[in-house]
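Chemist: Each residue of the sequence shown is one higher than the one before, counting from 25 in my numbering.
Keep in mind that a hint or two might mislead.
As the list claims (entries may be wrong) - Listed below are the simulated EDC-like cross-link pairs for lysine to aspartate or glutamate, each with C-alpha atoms no more than 20 Å apart in a straight line:
no.	residue 1	residue 2
1	Lys276	Asp228
2	Lys156	Asp228
3	Lys325	Glu337
4	Lys56	Asp86
5	Lys156	Asp114
6	Lys89	Glu59
7	Lys362	Asp285
8	Lys240	Asp160
9	Lys98	Asp114
10	Lys325	Asp301
11	Lys276	Asp293
Calculated from the structure, these hints are not laboratory results. These figures come from a predicted structure and were not determined experimentally.
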Amino acid sequence: MARIDVPSWRSWTACANGGFCVMIGDIIFNAKDPELPPDFIFGEDADFLPEPSELPHLVSWDAGKPECLLQLVKELLQQYHQYQCQRLRDSSRLLFEYDSLLDDPNYGRSMEIYAGLKNSWTGEFSARFLLKLPVDFSNIPIYLLKDTALDPGEDVALLSVSFEDAEATQVFPKLYLSPSIEHALGGSSALHIPAFPSGGCLIDYVPQVCQLLTNKVQYVIQGYHKRREYIAAFLSHFGMGVVEYDAVGFTKLTLLLMWKDFCFLVHVDLPLYFPRDQPTLTFQSIYHFTSSGQLYSQVQKSYPYSPRWDGNEMAKRAKAYFKSFIPQFQEGAFANGKL
Numbered sequence: 025m026a027r028i029d030v031p032s033w034r035s036w037t038a039c040a041n042g043g044f045c046v047m048i049g050d051i052i053f054n055a056k057d058p059e060l061p062p063d064f065i066f067g068e069d070a071d072f073l074p075e076p077s078e079l080p081h082l083v084s085w086d087a088g089k090p091e092c093l094l095q096l097v098k099e100l101l102q103q104y105h106q107y108q109c110q111r112l113r114d115s116s117r118l119l120f121e122y123d124s125l126l127d128d129p130n131y132g133r134s135m136e137i138y139a140g141l142k143n144s145w146t147g148e149f150s151a152r153f154l155l156k157l158p159v160d161f162s163n164i165p166i167y168l169l170k171d172t173a174l175d176p177g178e179d180v181a182l183l184s185v186s187f188e189d190a191e192a193t194q195v196f197p198k199l200y201l202s203p204s205i206e207h208a209l210g211g212s213s214a215l216h217i218p219a220f221p222s223g224g225c226l227i228d229y230v231p232q233v234c235q236l237l238t239n240k241v242q243y244v245i246q247g248y249h250k251r252r253e254y255i256a257a258f259l260s261h262f263g264m265g266v267v268e269y270d271a272v273g274f275t276k277l278t279l280l281l282m283w284k285d286f287c288f289l290v291h292v293d294l295p296l297y298f299p300r301d302q303p304t305l306t307f308q309s310i311y312h313f314t315s316s317g318q319l320y321s322q323v324q325k326s327y328p329y330s331p332r333w334d335g336n337e338m339a340k341r342a343k344a345y346f347k348s349f350i351p352q353f354q355e356g357a358f359a360n361g362k363l
């Protein structure tokens, strides 16, 4: 029989290596009679045998309807999901983990599983759970999301949890964020999820990860509004002394100040997780140069500060600190810099 191969269809699912994999299948049409329903060849999972009677769009195949093939693939994916669920019944512990999450509307609707092949020596098999976490990213400032090279589509957080044996003695969780969210939260190193506790259950662990991620998102949102408040207060207190500031993300501010005929710049860098993390102050002389030709400067990361102060109080405290520190900075500029 002649055949026409349609490009393989793909679907993300939990994978045997603890992360994601692409489930691939070939769709084959009869070249002599393309009106006939297609055949399917699945990848490495030879034990998966779909039940044709439970595929309505195969039973009532209509080649004239463009959406018919798409709906058929969705029905196949649903059967594959059910097949993986059925395999979990070989382990009461893993079945408990699955049923517990399934009963929770926050997780059950967006959960995928993969039950690996049994180990020929131990008779054990591994399982992977992949969950879309119900975390709201809609209020993250847009400027934090726009710098990714490619639009990744939906902003999403996925938690993969790998059970290396049926009794859950070795469990390895891993969090995956879409590129824009990872960028907004400060990069891959900014968020570390806790290890899966010995004797723990997914229904207890997953909400902890959700809360951790939600807190991070709230810190970022709060930091944006607090930075804006901080810069507004500095504009009020220093007026014409403000040279420039970041009017989008409110992450930087530069002041030109004078003390006893000595003019200097103060660069203020506000961190992503402000006010929890303290701003960095860089004092810079406009007269003195280092041996490398750079303007002489000193960086201050430790000075009177409290994250509980409002923007106005921070500006007042900063002004007082400037007055106390400038004599020391001026002395250092004259001693170590060149005019």
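Chemist: For each hint, tell me whether it holds in the structure or not.
Modeler: The hints, checked one at a time:
1. Lys276 / Asp228: At roughly 41 Å apart (the allowed maximum being 20 Å), aspartate 228 and lysine 276 break the hint.
2. Lys156 / Asp228: 16 Å, holds
3. Lys325 / Glu337: 18 Å, holds
4. Lys56 / Asp86: 17 Å, holds
5. Lys156 / Asp114: Violated: lysine 156 and aspartate 114 sit about 25 Å apart, past 20 Å.
6. Lys89 / Glu59: It holds: about 11 Å lies between the C-alpha atoms, which stays within 20 Å.
7. Lys362 / Asp285: 18 Å, holds
8. Lys240 / Asp160: 11 Å, holds
9. Lys98 / Asp114: Between lysine 98 and aspartate 114 the Cα gap is close to 26 Å, so the pair fails against 20 Å, i.e. violated.
10. Lys325 / Asp301: 10 Å, holds
11. Lys276 / Asp293: 5 Å, holds
Checked against the numbered hints given earlier, the structure breaks hints 1, 5, 9 and satisfies all the rest.
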